[in-house]
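Asker: Chains L and D supply the protein sequences, listed in that same order. Note that the first sequence covers residues 1 to 232 in this note's numbering. Note that the second sequence covers residues 1 to 714 in this note's numbering.
In case anyone wonders, no lab produced these hints; they're calculated from the structure. As the structure is a computational prediction, the values presented were derived from the model and not from experiment. Cβ atoms here follow ideal geometry from the backbone N, Cα and C, with glycine treated the same way. Careful: at least some of the hints might be erroneous.
What the hints assert, rightly or not - A partial selection of chain L residues facing chain D, derived with a Cβ cut-off under 10 Å: (1) W26; (2) S75; (3) S118.
Unchecked claim - Listed next, the in silico PhoX-like pairs over lysine-lysine satisfying Cα-Cα at most 20 Å (straight line): (4) L/K211 to D/K285; (5) L/K189 to L/K172; (6) D/K527 to D/K139; (7) D/K379 to D/K399; (8) L/K211 to D/K561; (9) D/K285 to D/K326.
What follows is the residue order along each chain.
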Amino acid sequence: MNLRLIMLCLVPLLPVVAAEVFSYHWMNPKVTEAYIYPTLPQLVTDPTFTSTPKEFDAIRSKIVCSEGWLGRMGSESSVGIQLAWIEWNGTEARNTLEAFRHKPEVCMGANGMTVEKSFPQRVHGSGEKQFVFDSNLFRPLRGGPGIYIFKAVWVSGLIGANYRDEILPGAKIDDLRKMRFAIIENRFKPERTRVLMAGVTGLPSEELAWKAFSREILPKIQWTTVHPASNR
Amino acid sequence: MKLFSRDEPPKDSLAVRTTLRERIGNFWNGLHLLWKTLLIIGVPAILAIPFYGRAIRANNTRNYEQDLIAARQALAAGRDVEARDLSLSLLQRVPNNNDPLPLLMHAAAGANDARLLPIARHYLQLNTKNKPDRLFAWKTVSNESPMGIAAHTWLEFVGEDEKNDADFLIAWLERLQTENLGHEIEGILAKQAGLIDPRLERVRLSMLAEAGTENSYRELQARLFDRITSHPDDGPLLIDAIDRIPQSALIPYAFIGFGDWLKARGGEPSVENQLRLARCEMAAKPETSDAVINRIASAYGASAPLPVARFYDALDRYDKAVELLKPLATSGDPDAFPFMAGILEKQAKLEEWDKLLATPPEGAFLPGIFCDRAFIASKRGDERAKTQFEQEALIIAEKRLQKDSLIHLARHASDRGMNEYALGIWVKAIRSGPSSPLPLFNSISWIFERLARDKQENQLLDSLTVYRAAEPGNLDVVTQHLYLACLIGNVTPAQILTALSPVREKIRSQPLDFTIAFANLLEGRNKLADELTGDTSIDWFSQIPAFRVIRAITLTKIGRKEEADIYMEDFPWDSMLPCETRVYRELLEPPKESNQPENVEKLEKSEKAKIAEGVRQAQKAKELMEIRKALEAKEGGKSEEEKLAEKAEKAEKSRLAEQARQAARAEELKAVRERLAAQAAKEAAEATNTSDTGEPDEVKKIREAREGKDPKDQ
């Protein structure tokens with residue numbers, strides 16, 4: 001075949017290929033530094049803990065997550081805590097956005113609960129090991145015992161991620177256009193995303209609920225450090 | 001388009017003279033068809049506008065009147081549901097017109113509507129002048145609403161003139177009698193000056209009979225004969241009070257008094273009165289007793305067995321009474337049945353009693369009968385039958401054929417002394433809602449105490465919730481309900497403060513203070529809680545344990561942990577509700593020591609703070625001494641020497657504990673510093689790629705905090 005003709009055909013494709021190659025490299029920067037991620041194993045050592053795998057399977061397909069579990073612990077005379085730990089591994093930006101989209105009021109609202117009071121965010125840990133918990137008191141629409149919900153989203157490389165502030169500078173979850181630009185600009189492709197949600201029942205104040213939750217559950221979060229050499 | 005096509009006017013107007021009619025005709029003929037049509041439709045329409053509103057209103061009024069008549073007719077014909085729906089729609093149509101309200105009330109009563117009580121209360125609140133309807137409303141409220149609501153209605157919505165009206169009073173007194181509020185009745189009757197209504201007099205006599213003392217029987221007879229002598233016509237209503245006086249308490253004058261009344265009434269006395277007269281005669285002339293009894297037996301034994309049986313019962317001749325009653329009771333006589341059951345109970349003839357109860361007459365209160373059979377079974381030691389009858393009674397009562405059958409059964413079981421069984425029924429009755437004649441909270445507070453003791457916190461909360469609606473003005477109920485609801489999580493501490501703080505400005509009570517203090521503790525206002533619980537005159541160890549734990553938590557929160565420990569010595573956690581244990585343990589739990597950067601600062605107190613601490617310690621020691629003194633005063637049985645020895649031992653212990661505490665503090669400070677240094681060295685040499693699980697790197701945080709870094713800034 002005529003080489004010239006082939007070249008003529010390929011020339012228009014070149015910018016496209018170049019753009020693709022460039023965008024791939026832009027959005028997959030080389031990881032050179034060690035990074036960490038959290039895991040919360042099921043609290044099997046606690047005799048009052050019950051796992052509810054069926055309930056987790058029901059939500060798993062909806063939120064397209066990698067791993068996770070739902071469970072509850074506590075007895076009549078002790079504090080009751082309902083737990084949800086959800087993991088997204090090797091995620092794309094859109095999965096992470098899915099985690100942000102499920103604000104506490106969205107999840108609990110679907111269960112017939114309504115926000116009675118919102119409290120200032122609770123912070124656990126610091127730096128990369130920081131969890132920022134959204135803290136709210138929910139109550140069933142028809143009245144009854146309230147439930148203190150603490151919900152945090154953790155995203156690798158995104159320190160201080162939370163449900164209320166901008167995810168990336170200048171970009172909130174409800175403005176997708178700005179969000180897309182911010183994702184590109186910040187080369188945002190988080191490796192791992194986690195959601196920890198706890199509902200504390202049987203305590204009359206948020207302070208006490210947080211105390212119980214941060215004593216019983218948060219110390220059980222385990223951190224794993226990954227060196228770039230062992231990456232993927 | 002040319003709309004006007006009028007001909008040119010004649011130049012010489014004098015030549016052609018036209019009449020007004022012709023001119024109008026000409027004008028009309030000259031008009032275009034469009035204008036003609038508009039005029040024909042529009043002018044009458046414009047003229048009719050003022051009449052439209054009137055016509056519509058007249059039509060509405062006619063419909064309203066028609067529906068009102070229809071509703072009245074439906075009610076008169078006994079079609080209660082139809083009458084109720086019609087009257088409700090009328091009320092909805094004209095919201096400010098309350099004319100259909102009595103109609104709705106009567107229809108709701110006929111249709112057994114649960115809305116009857118609020119309707120009746122609202123009607124009484126309206127302050128209308130229609131006595132029959134108001135009386136009906138009051139009777140409904142008085143008979144069917146919880147006692148707290150009834151009392152509130154009586155005080156607030158019943159008019160002053162109505163409060164002195166015997167018709168209204170009687171209904172109220174009957175309710176007070178049901179609730180065993182004798183002193184209230186006496187209070188009301190004492191206010192009645194002059195000659196009181198015979199129905200009120202009847203209540204007074206029945207109160208005297210109930211008192212059952214020699215004096216009360218004497219006063220009863222004095223009042224009765226005084227009244228029927230001066231007003232013989234009141235006699236028929238009052239005279240049966242004699243039946244409640246035992247034969248031994250009848251005064252000899254009764255024979256004369258009763259005889260005089262019979263004479264004054266004239267005519268032949270009834271069988272009942274003949275028998276009463278015979279009893280009076282026996283009291284006046286005891287020697288004629290046998291002759292009188294024989295005379296009565298031969299004259300009326302066959303023709304009027306029930307009154308004669310009552311006569312025998314009054315003379316304690318139960319066998320003869322039973323002999324007469326047996327054929328009546330077994331044939332289903334509604335009066336003879338309970339009477340005979342009563343006599344058999346008095347005689348403790350359990351077998352015969354049970355046999356009689358097995359064939360109750362129609363219309364008898366079946367739950368009560370089954371309850372009695374359970375009572376008999378328990379007396380005979382037949383537990384299986386007892387449980388079976390108890391279940392049977394409850395099942396029938398729960399069908400609620402009458403609105404108050406559960407309450408009726410609960411009272412019945414309480415009267416029989418079957419407290420365990422009564423408790424369950426009371427709880428069911430209370431939990432079924434505040435639209436039944438529940439008694440006052442104070443009279444059944446044992447149920448709430450029992451539920452608390454049995455740790456039935458959900459039942460307790462439900463019952464308190466119902467009582468909060470049934471007795472909104474009872475501060476005890478409000479306080480207990482808010483306290484428990486807050487512990488369980490149904491109410492926030494802020495809601496407690498909103499509801500109770502204004503009350504506390506006017507009323508001081510320990511439960512109120514401690515509930516508010518508890519809410520303040522949860523809200524983090526520890527100083528306020530300290531003020532509320534700092535009453536030194538309280539004998540803590542004789543109070544309910546919750547007071548002690550609230551005080552202890554307050555002291556812990558304001559940094560007086562050692563004092564708090566004294567309050568918590570041998571604390572009876574077993575007596576607390578599960579929710580109380582959960583919340584108080586959580587409140588007593590010290591804040592997490594590690595992980596918090598500010599702990600280092602806490603450890604390194606400045607000299608100034610140490611001096612302040614010393615002053616506070618001295619104050620604390622003084623208060624400690626006072627508490628210990630109070631404690632020692634309680635241990636009255638111990639000898640003086642023992643007390644001194646114990647005191648010395650305790651002082652020694654506290655000295656040693658203080659020394660140990662200070663040493664531990666110094667050690668802790670040292671350890672933290674060492675760990676900081678070690679960590680710094682370790683970090684320098686530390687390699688990456690490790691899986692560090694479990695222990696949080698608190699030391700790093702502490703160092704960051706000391707360097708003044710905010711963790712968020714990283």
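Asker: Would you pick out the hints that fail for this structure and give their numbers low to high?
Answerer: 1, 3, 4, 6, 7, 9
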